Amino acid sequence: MDFNFSEEQSMLRDTVASFLRDRYDFDTRRAITRSEAGWRPDYWKAFAEELGILAAPFAEEHGGLGGGPIENMIVMEEFGKHLVVEPYLGTVVIGGGFLKHSGAPIAGEVIGRIIGGEAVLAFAYAEPTGRYNLADLSTTAKKDGEGWVVNGHKAVVVGGPWATHLIVTARTSGGQRDRQGVSVFLVEKNTPGVTTRDYPTVDGARASEVAFENVRVGPEALLGPADQGLPLVEQVVDEAIAALCAEAVGCMRKLHEGTLDYARQRKQFGVPIATFQVLQHRMVDMFMNLEQSVSMTYMATLKLDEPAEERAKAASAAKVQIGKAARFVGQSAIQIHGGMGMTDELAIGHYFKRTTIIEQAFGGVDHHLRRYEMLTLPQAA
Amino acid sequence: MNLDFSPEDAAFREEVRRFIADNYPASLRGKQDEGEELAKEDYLSWHRVLAKKGWVAPAWPTEYGGPGWTSTQRYIWSEELARADAIPILPFGINMVGPVIYTFGTPEQKQRFLPPTLSGDIWWCQGYSEPGAGSDLASLKTKAERIQGDDGKEYYLVNGQKTWTTLAQHADWIFCLVRTNPTAKIQEGISFLLIDMKSPGITVRPIITLGGEHEVNEVWLENVKVPVENRIFEENKGWTCAKFLLAHERSGIAGVARSKRGIERIKSIATVESEDGRPLIQDPFFARKVAELEIDLTALEFTELRVLASESAGRGPGPESSLLKIKGTEIQQRITELVLEAAGHYGAPYFRGFPTDGHNMFPIGPDYAHRAAPTYFNGRKTSIYGGSNEIQRNIIAKMVLGL
Ligand SMILES: Cc1cc2nc3c(=O)[nH]c(=O)nc-3n(C[C@H](O)[C@H](O)[C@H](O)COP(=O)(O)OP(=O)(O)OC[C@H]3O[C@@H](n4cnc5c(N)ncnc54)[C@H](O)[C@@H]3O)c2cc1C
Numbered sequence: 001m002d003f004n005f006s007e008e009q010s011m012l013r014d015t016v017a018s019f020l021r022d023r024y025d026f027d028t029r030r031a032i033t034r035s036e037a038g039w040r041p042d043y044w045k046a047f048a049e050e051l052g053i054l055a056a057p058f059a060e061e062h063g064g065l066g067g068g069p070i071e072n073m074i075v076m077e078e079f080g081k082h083l084v085v086e087p088y089l090g091t092v093v094i095g096g097g098f099l100k101h102s103g104a105p106i107a108g109e110v111i112g113r114i115i116g117g118e119a120v121l122a123f124a125y126a127e128p129t130g131r132y133n134l135a136d137l138s139t140t141a142k143k144d145g146e147g148w149v150v151n152g153h154k155a156v157v158v159g160g161p162w163a164t165h166l167i168v169t170a171r172t173s174g175g176q177r178d179r180q181g182v183s184v185f186l187v188e189k190n191t192p193g194v195t196t197r198d199y200p201t202v203d204g205a206r207a208s209e210v211a212f213e214n215v216r217v218g219p220e221a222l223l224g225p226a227d228q229g230l231p232l233v234e235q236v237v238d239e240a241i242a243a244l245c246a247e248a249v250g251c252m253r254k255l256h257e258g259t260l261d262y263a264r265q266r267k268q269f270g271v272p273i274a275t276f277q278v279l280q281h282r283m284v285d286m287f288m289n290l291e292q293s294v295s296m297t298y299m300a301t302l303k304l305d306e307p308a309e310e311r312a313k314a315a316s317a318a319k320v321q322i323g324k325a326a327r328f329v330g331q332s333a334i335q336i337h338g339g340m341g342m343t344d345e346l347a348i349g350h351y352f353k354r355t356t357i358i359e360q361a362f363g364g365v366d367h368h369l370r371r372y373e374m375l376t377l378p379q380a381a
Numbered sequence: 001m002n003l004d005f006s007p008e009d010a011a012f013r014e015e016v017r018r019f020i021a022d023n024y025p026a027s028l029r030g031k032q033d034e035g036e037e038l039a040k041e042d043y044l045s046w047h048r049v050l051a052k053k054g055w056v057a058p059a060w061p062t063e064y065g066g067p068g069w070t071s072t073q074r075y076i077w078s079e080e081l082a083r084a085d086a087i088p089i090l091p092f093g094i095n096m097v098g099p100v101i102y103t104f105g106t107p108e109q110k111q112r113f114l115p116p117t118l119s120g121d122i123w124w125c126q127g128y129s130e131p132g133a134g135s136d137l138a139s140l141k142t143k144a145e146r147i148q149g150d151d152g153k154e155y156y157l158v159n160g161q162k163t164w165t166t167l168a169q170h171a172d173w174i175f176c177l178v179r180t181n182p183t184a185k186i187q188e189g190i191s192f193l194l195i196d197m198k199s200p201g202i203t204v205r206p207i208i209t210l211g212g213e214h215e216v217n218e219v220w221l222e223n224v225k226v227p228v229e230n231r232i233f234e235e236n237k238g239w240t241c242a243k244f245l246l247a248h249e250r251s252g253i254a255g256v257a258r259s260k261r262g263i264e265r266i267k268s269i270a271t272v273e274s275e276d277g278r279p280l281i282q283d284p285f286f287a288r289k290v291a292e293l294e295i296d297l298t299a300l301e302f303t304e305l306r307v308l309a310s311e312s313a314g315r316g317p318g319p320e321s322s323l324l325k326i327k328g329t330e331i332q333q334r335i336t337e338l339v340l341e342a343a344g345h346y347g348a349p350y351f352r353g354f355p356t357d358g359h360n361m362f363p364i365g366p367d368y369a370h371r372a373a374p375t376y377f378n379g380r381k382t383s384i385y386g387g388s389n390e391i392q393r394n395i396i397a398k399m400v401l402g403l
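Going line by line, the protein sequences match chains E and W. For the first sequence, my numbering assigns the number 1 to the initial residue and increments by one for each residue that follows. For the second sequence, my numbering assigns the number 1 to the initial residue and increments by one for each residue that follows.
The following block holds chain E by itself, in its conformation from the complex (with noise of 0.2 Å):
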């Protein structure tokens, strides 16, 4: 058993921090959110070019540097520190995830795209009904002689408005809510019968409604096999709990130094308010549930690549960990602010924002409560 990180991982931490460091202080990422893109796409070739971290965790046989799950996790808890919005999530873990374990023939190149900052990838499996069900699919992909066609409404498909290109989920057979008959495609989104309506989100991303109307794709378009994608799609969904807990494990140090930062310096009654025990008590409570999540991040992420049940257990049991403690350490953030910790000006609301928005991204405390006991409990004859 080892806990510790490699010198390559240390080595990529040290890279995502210095860079964030000296480029993503809270008011170039204020300027960002404000500006009409919403995003910074030199800094995506910077990622690409100068840091090399969207190769990070693909095979060096696509040219990336070998990693995986862990580099994920180091990179994603770095851009929680600061609030990065670049979508490494969508581009990196959940389409390059999609994109590996396929197999799919042209995986190969769209990772060579997607390492060389080419491609961008969001991951439009939302639909405006059925929540966090992955199965409940109104989107359809009908076989159209070797290609096929999609129809359908994709909704908060979150980086919409900067992908090149869209990992879409749909219904090739069965009914609603069937665990068969799913099948993931990737599709351009300059694909004819694509169109979008984009948005800001309140944790300072972009997002987009996508509708599909006779969207026609090539059969290169299928991403793992047809009719049986459901096993991928929670595969590479755990794969994004897990980095999404990894992300909120750097916005929870971040709200949780901010707060004891705030509380040494801030006098009230002519004391610092770090003196009120009630305070102290609340603070190390955060402490605690901040500790808690990193221990629960990392054994999600270091069993992303056990059996399906083992994996979904393990992200699950780590969505509930981290769901509970954002919204705690979030809410304690802001009271022990006060009336500071309501304002827009300061990066505290902001880190609240997000660990909200986590929260409930893939479903919440209660989602994957039900999950787990579904995967634990012994069930009644």
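A portion of the hints provided could be inaccurate.
To be verified - Below, a sample of chain W positions facing chain E; criterion: calculated Cβ distance under 10 Å:
id, residue
1, 79
2, 82
3, 84
4, 88
5, 91
6, 133
7, 207
8, 208
9, 212
10, 216
11, 346
12, 349
13, 350
14, 377
15, 383
16, 393
Hints listed in this document are in silico derivations from the structure and should not be mistaken for laboratory results. Keep in mind it's a predicted model, so treat the numbers as computed, not measured. Glycine is no exception: its CB is placed at the ideal position from the N, C-alpha and C atoms.
Assemble the complex: chain E is given as a structure, and chain W with the ligand must be docked to it using the hints.
Frame of chain E, contents of chain W with the ligand only:
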């Protein structure tokens, strides 16, 4: 002891319900439920309707323009307002400075300020907090020195900064706590001043809050001349008014009726949202949280009724109101959490300055989701303002438990 409403109470309920249905401005319908930010005119339009009817200040004595309702009637009234999803009446004039003026003011001050406060012609804001004086309000530094004006009259020259001043951007007048004696013990050198916001030397700067709202402000006072007759009560006795006002501020803060409405709303949202083919409200996890919330609210409601009963037996709002404030705000915050959870994916889109309609092909989620996240963010304020919930617990520990 009984829980019955008398036939008169039932008739009263009918009457006010009908009045609200007939007179609530059509332009405001739905705005409260969706958590929309309200314009100045929104607040005033409803205020004026109630002022005209004589119902805008239910707790005021009749001699100053109150309707003379019993505490039961006031309770029914707040229930009916919430039931109709009516926007709140701003507390600054009606619940805060009004009672201070009729309790501590001179006859001239009452005559000058109470009628326009009732009619809505004066919009008040509360100038208590300062950058260095939040929970420790008595350490406030804004200073007021007596000077002789060129006209030979006496004035206070006020200098300092107030902050978190809610809706000061709309206000006609601000009631301020200022330091008139810098050498006395801190509570003993404070006075209560009414200041015209049009006075030279006042600058209002917006503070934008988490949900993107412009709700609070910084108010800078630079050599502002305030006639001495605008002081309420004795010089250096302002803390008495301040404490009186804070107790009144807290008693309205439980918001039971509004929270009931909030829970109804969660239930209706959770009937529409569905996961795994069944409505969210049938999800045992979610249903359990709603039930717990409702039970906690019932406990709060009956606690409030007990406090009201003892108040109508002649005791003013006491430190028990801290309990109502803590529990009331915790419940309000849990309601916003559940709405956000129920909103699902569509909790994420941010609509400020962004058209939500006129785009039929792409509605961005259901209406109830549009402000779920900003409302949740904004709701964090309730455990901070009006005396933070930590401070309220300190008050109970000291004043109720004698610790
Ligand atoms: C949205 C909003 C609207 C407001 N509107 C108005 C308004 O219209 N007019 C006005 O005058 N003010 C207004 N306020 C100010 C409000 O009253 C103050 O924010 C509040 O009193 C807390 O003060 P503070 O923000 O300085 O926090 P601080 O006093 O600095 O408190 C910071 C933290 O320390 C805790 N703390 C402080 N002292 C103790 C203690 N002794 N023991 C334990 N914990 C302690 C607090 O509970 C809090 O968690 C508003 C505030 C907000 C957020």
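Cross-check of the supplied hints:
Look at residue 79 (chain W): its Cβ only gets to about 29 Å from chain E, farther than 10 Å, so that hint breaks. Nearest Cβ of chain E to the Cβ of residue 82 (chain W): about 24 Å, over the 10 Å cut. The hint is violated. This hint is violated: residue 84 (chain W) has a C-beta 29 Å from the nearest C-beta of chain E, more than the 10 Å allowed. Because the smallest distance between the Cβ of residue 88 (chain W) and any Cβ of chain E comes to about 19 Å, over 10 Å, the interface hint for this residue is violated.
Violation of the interface hint for residue 91 (chain W) is found here, the shortest Cβ-Cβ separation to chain E being roughly 18 Å, above the 10 Å cut-off. At its closest, the beta carbon of residue 133 (chain W) sits 8 Å from a beta carbon of chain E; the interface hint therefore holds under the 10 Å criterion. Because the smallest distance between the Cβ of residue 207 (chain W) and any Cβ of chain E comes to about 6 Å, under 10 Å, the interface hint for this residue holds. Using the Cβ-Cβ criterion of 10 Å, the hint placing residue 208 (chain W) at the interface with chain E is satisfied: the shortest such distance is roughly 4 Å.
Given hint, residue 212 (chain W) at the interface with chain E, holds; its Cβ is 7 Å from that chain's nearest Cβ, closer than 10 Å. Annotation: residue 216 (chain W) was flagged as interfacial toward chain E, and the flag holds, the nearest CB pair being 8 Å apart, inside 10 Å. At a threshold of 10 Å, the smallest CB-CB gap from residue 346 (chain W) to chain E is about 7 Å, leaving the interface hint in force. Because the closest C-beta pair between residue 349 (chain W) and chain E is about 5 Å apart, less than 10 Å, the hint holds.
At its closest, the beta carbon of residue 350 (chain W) sits 4 Å from a beta carbon of chain E; the interface hint therefore holds under the 10 Å criterion. A distance limit of 10 Å between C-beta atoms decides the matter here; for residue 377 (chain W) the minimum to chain E is near 7 Å, and the interface restraint holds. Annotation: interface hint on residue 383 (chain W) holds; nearest CB of chain E at approximately 6 Å, less than 10 Å. A least Cβ separation of about 7 Å between residue 393 (chain W) and chain E falls short of the 10 Å threshold, and the interface hint therefore holds.
The structure fails hints 1, 2, 3, 4, 5 (numbered hints given earlier, in ascending order).
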